[in-house]
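*Asks:* Turn these sequences into a full structure, and let the hints steer you where they fit.
Protein chains: 2
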Amino acid sequence: MADSEKDPLTYKEAGVDIDAGNKAVRLIAPLAQSTFDSKVLSDIGAFSGLYSLTSLDYKDPVLVSSTDGVGTKLRVAILADRHNTVGIDLVAMSVNDILAQGARPLFFLDYLAMGVVVPEKVASLVSGVVNGCRQAGCALLGGETAEMPGFYPKEDYDLAGFAVGIVERESIIDGSNIALGHEIIGIPSSGLHSNGYSLVRRIIFDELGLSVDSPLLDSTVGEILLTPTRIYAAPVLAALKRYPISGIVHVTGGGLLENIPRVLPVGCRATLRSDRWQPHPIFEFLAKAGRLGPEELYRTFNMGLGLLLMVPPNVTDLVIGILEDFGEEPTVVGRIEQQVGKQKVVIT
Amino acid sequence: MADSEKDPLTYKEAGVDIDAGNKAVRLIAPLAQSTFDSKVLSDIGAFSGLYSLTSLDYKDPVLVSSTDGVGTKLRVAILADRHNTVGIDLVAMSVNDILAQGARPLFFLDYLAMGVVVPEKVASLVSGVVNGCRQAGCALLGGETAEMPGFYPKEDYDLAGFAVGIVERESIIDGSNIALGHEIIGIPSSGLHSNGYSLVRRIIFDELGLSVDSPLLDSTVGEILLTPTRIYAAPVLAALKRYPISGIVHVTGGGLLENIPRVLPVGCRATLRSDRWQPHPIFEFLAKAGRLGPEELYRTFNMGLGLLLMVPPNVTDLVIGILEDFGEEPTVVGRIEQQVGKQKVVIT
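Chains A and B are the protein sequences, given in the same order. FYI, the numbering for the first sequence is 16 to 363, going by this note's numbering. FYI, the numbering for the second sequence is 16 to 363, going by this note's numbering.
Honestly, the hints are just simulated from the structure, not real lab data. Keep in mind the model is a prediction, meaning the values are calculated, not measured. All the pointers check out, no bait thrown in.
Note that identical chains are pooled: a pair holds if it fits in a single copy or bridges any two copies.
Once the Cα atoms are required to be at most 30 Å apart in a straight line, the calculated DSSO-like pairs of lysine-lysine come out as:
1. K54 x K74
2. K136 x K27
3. K359 x K38
4. K21 x K303
*Replies:* In structure tokens, the structure reads:
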């Protein structure tokens, strides 16, 4: 048994500083509150976030929910000691997923685990989450900051996010309305978004021996690799309100090859013409440096397209117009064609 | 630049095995589906989980949401190579939080990040989450399994969870109805639940040099430290339906000392009589072995009480009766008394 003359142990000495945690909460509370609207019942949820559904006028409402993390893009943020943008990625990953069902984002919660809670770093991370929530038009309803000594090295952290949205049942987008001849509108990604970073890091840092400050394609490794994931909520919700969109694909882990078939009905394939859009040059750089074949590229990265909309051809120009009103640069990148056998993607 | 005669790089070689991820999804999908009820619109959510609010008959519905992790209790599971119970802890941490506002849990999502995706380990972890969701009466609507090489050592993982519940606005429990003379009913914890494990590990593994297989208090370190957190949904929702409960406290991080004041109105203090309940012997063991003072104990651990209900004294026996019907062993552990100045907890 322990020697009774030793000093008493404390939770703080064991690596968990409740005071630092409380300070972090004080720093992030006003950030989160800046995203609140009248639906958030603040100051009455001691243990949870509360969000009123009153006067949300839905006939047959369906909640839509998704969770995701940022993946190893976080390593770039940690290496660059720049933490205020990965929260945007975090929101984007979940919000674009619920958007793909046609849902409007209502609220978001974040989970942050780190080796040592540094309140200012927590505040920087959460400022990115808040930025993302603003772009998505949702409230940051709650979150958890967990100090986990022995799990994360001092400088490291992981981030997970959860989004809840709402959609009228008859307006759920699930791809079942996709039909032969529908056109595929691609909305450009900002770059790598938040997928494939284990391979990116392997190429950039291990193979090429670059650092976050190294010059890369008229910029730096850090700048290009930390470009935040696009959040498509505003333009896509505007288009959904006015036009019959038959399918939405968030091009996330698995790339174009794995994500498009998730929404295709039986008897359909998606034919994409790669000359119809211009991917960010980072993809060609990675392809060359890593000697990546097309299959690997299109199964790992978004290859320049962050979100796809399938539409009947008579509304293509109208949908493109409304997306352009929001500053997007959409193009028709392909169409739905007949397929015998398993649904698939053909890229020419 | 890279030598063009080298082999092409792959995502798999960079540490991310999409096939292992897909296999894990195949193993966990039927587990998750076993928690579905008619509200879950399965097979239409390619990117998200969908939960119908139809025929949930609320006049003025409020969604209640919380997120939490399991903390470093996970280290014990990893050391013991026993992964099928920490999912219960995960559900408990968030579900007991939304229960503390009087909400009924609807659905849950989990985020699992690991160094290497071992599909069978993922399935074991998710089986615990499913067990927890059954206890809480909610659906496991979705989840994410992230393979993050370079972030987590091969054997390690982190788990985060996210619960959404619903409550009638006029039935929200926020402590504002707590009044002088109200009694405090304590419902026993199963042991340490999921708080204070960095200090527990420091004492058990570092100070005492024990291993997960070492005998401890008629059992083993692994058994006692992995006892799942209690989920109080069923008994508490039954009590809420019938009796006016004025306050609910989930005794989580911060212990009795920090959690009770979160619900106390101005002018109130909570006086607890420690002779009224019998904490699990692990608390006394840790206190002695770690030379922990009472302040540290009551600020770090639940000290035997997992959930507290504040009730008007005329319903105390009725509430206790209904909790006992669900197999709980509640006792009156204290009462609300007058307090000049800041709300606080007095333990005698």
